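Enquirer: With the numbering used here applied, the sequence shown corresponds to residues 429 to 535, in that order.
All clues stand as given, with none of them false.
Simulated DEER-style distance windows between Cβ atoms: (1) V453 <-> D496: 27 to 35 Å; (2) E430 <-> F532: 18 to 26 Å; (3) D503 <-> D452: 17 to 25 Å; (4) A460 <-> R522: 18 to 26 Å; (5) E490 <-> P450: 44 to 52 Å; (6) R512 <-> R471: 14 to 22 Å; (7) D452 <-> A523: 17 to 25 Å; (8) A460 <-> S491: 29 to 37 Å.
In short, the hints are calculated from the structure, not lab data. These figures come from a predicted structure and were not determined experimentally. Backbone N, C-alpha and C define an ideal beta-carbon position, used for all residues, glycine too.
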Amino acid sequence: MEEAEELERAAEWRMRKVDADPSDVTSREAAALLEMLAQDVRRLRGAPVFREYVAICNWLGESDGIADFMDMANDYRARIGVDRSPENGETYLRALIDLAKLMFGAR
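Please construct the entire structure, taking both the sequences and the accompanying hints into account.
Expert: Here it is as structure tokens:
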């Protein structure tokens, strides 16, 4: 569940920002959303959207595109709670799938 772990790392980063500035409401709310998304992504293991995401990541890994995609995914996660607000794990994974497709002109 690497993707759930990435969401948790992003939540931890946001909480460090809150530790540095307790008035940072945006980071506090973003951390809560990131944690919720991590839990939801874990529940999606085996679901069609999860399998599609894994397949795309495997393809990107074989085509040497995974590093660029991971950079884009990290940027997307950093914006969650600021100007990105996926409502659940499925919406989040769909957003990453769309990023991967855009990256390679498949959309």
